[in-house]
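All chains should be modelled from the sequences, with the hints used to inform the complete structure.
2 protein chains.
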Amino acid sequence: MPETPALSATPRSTLTRKKHRAAHERSALYDVLDNALVCHLGLVLHGSPVVLPTGYGRDGDTLYFHGSTGAGNLREAAEGVDVCVTVTILDGIVYARSLNNHSMNYRCAVVHGRARPLAGAEKEHGLKVITDQLSPGSWNYAREASAKELASVTVLALDLAEASVKMRAEGPGEEPEDLGTTDVWAGVLPVHTGFGSPVTAEYVPRSTPVPEHVASRAGTKYS
Amino acid sequence: MPETPALSATPRSTLTRKKHRAAHERSALYDVLDNALVCHLGLVLHGSPVVLPTGYGRDGDTLYFHGSTGAGNLREAAEGVDVCVTVTILDGIVYARSLNNHSMNYRCAVVHGRARPLAGAEKEHGLKVITDQLSPGSWNYAREASAKELASVTVLALDLAEASVKMRAEGPGEEPEDLGTTDVWAGVLPVHTGFGSPVTAEYVPRSTPVPEHVASRAGTKYS
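The listed protein sequences derive, respectively, from chains F and V.
According to this note's numbering, the first sequence holds residues 204 to 426 in order.
According to this note's numbering, the second sequence holds residues 204 to 426 in order.
One or more hints might be untrue.
Intra- or inter-copy, both count: the list cannot distinguish identical chains.
To be verified - Listed below are the simulated DSSO-like cross-link pairs for lysine-lysine, each with C-alpha atoms no more than 30 Å apart in a straight line:
| no. | residue 1 | residue 2 |
| --- | --- | --- |
| 1 | K326 | K222 |
| 2 | K222 | K331 |
| 3 | K351 | K222 |
| 4 | K331 | K351 |
| 5 | K351 | K424 |
| 6 | K351 | K326 |
Just so you know, the hints here were simulated from the structure itself, not pulled from any lab data.
Model, not experiment: these values are computed from the prediction.
So this is what it looks like as structure tokens:
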């Protein structure tokens, strides 16, 4: 397998501070993008920044996201304006001995670029990738989209060409003066995203089993 | 207690679609803002949209967020440019009988406006509000910030004057043709944010107890 190229270093994707928290391997980008359920899509709409959450998926070096053809922010994104897609995973609350050194452990990917609307087989592939991220197993289990349904959805692709990853995954940083004490606790409280027990829709007969692709997620930690 | 005013309805804060998912009560805005740990701050930097996660807190109708004085996006926000602060809570994955009706249950608050940098007592109050959201109990437990530490932090306030709330909290929506079948499961898989067990920093004596404000969060669901 060819080695994947390192992450780009354009002015927009270069961290200007806490540079030691930058990850430069493409695998770190994939790790963040593959372990979250929602991204935040930012763009400029009617002169103002707008940030909205949306589902997404990754395949190779392409990020896919989608929404109704009626959504104003997606319509604008489909025009090829600059967008910023950010995915954040919160991993822990960092309690230091000083308030100033309280922090968070997290993994965050920021992708800059211009998205392109998809059609035909590419659009269907994008929808599969998004489905596989949000609800793996559904693609082969649920009824496929009709032509009319497909037409009601905008699917966009964004190349992972200009991206940065920043993360913190460590215990508290302390000032020397705070290390001498013994009576103040410090540490990390882990944070995770988890799934509960499936709630069956009321029109589904009780005899219809919860399929394995849903049942296997129940009660597990996602990230 | 005076009734809180309803949410504003400027063009930026009025939903253009799925209007039935809009919440118009200010209490719905508070509910979202008070039950998350991270917001996404969007603004235009050097001509491009930038979206970055940051800690925040709410007190009354003011949202506070902070970061290093060296952070480019906070420096820009402090200049009084338009910002968009979005807080999203994912509550569930919605599995419908058709792929097209797969969805998510969520609560999302979007705040537009211009932030102002704080100083003096207001700045300290903002830091307390942010601390109380991220790590309640720490304000009275950990060492307070020195003047030098305070100077290294930018604290911004954003009025909750122009905001919208959108949420979905229901079972799958189905097409009539999909309601007739009996062999396909549909329902909601709840998603929550949870806390694990505290990990004590290595320089803290094992005899130092985990304080109640941390211990009481361990193993609980946050939202």
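Here is how each hint holds up against the structure:
1. K326 x K222: Result: close only across copies, 27 Å inter versus 37 Å intra.
2. K222 x K331: between (36 Å within a copy, 28 Å between copies)
3. K351 x K222: between (48 Å within a copy, 22 Å between copies)
4. K331 x K351: within (17 Å within a copy, 52 Å between copies)
5. K351 x K424: Answer is neither; intra-copy 36 Å and inter-copy 40 Å both fail.
6. K351 x K326: Only inside one copy: K351 and K326 sit 14 Å apart there, 54 Å across copies, limit 30 Å.
Of the numbered hints listed earlier, the single one contradicted by the structure is hint 5.
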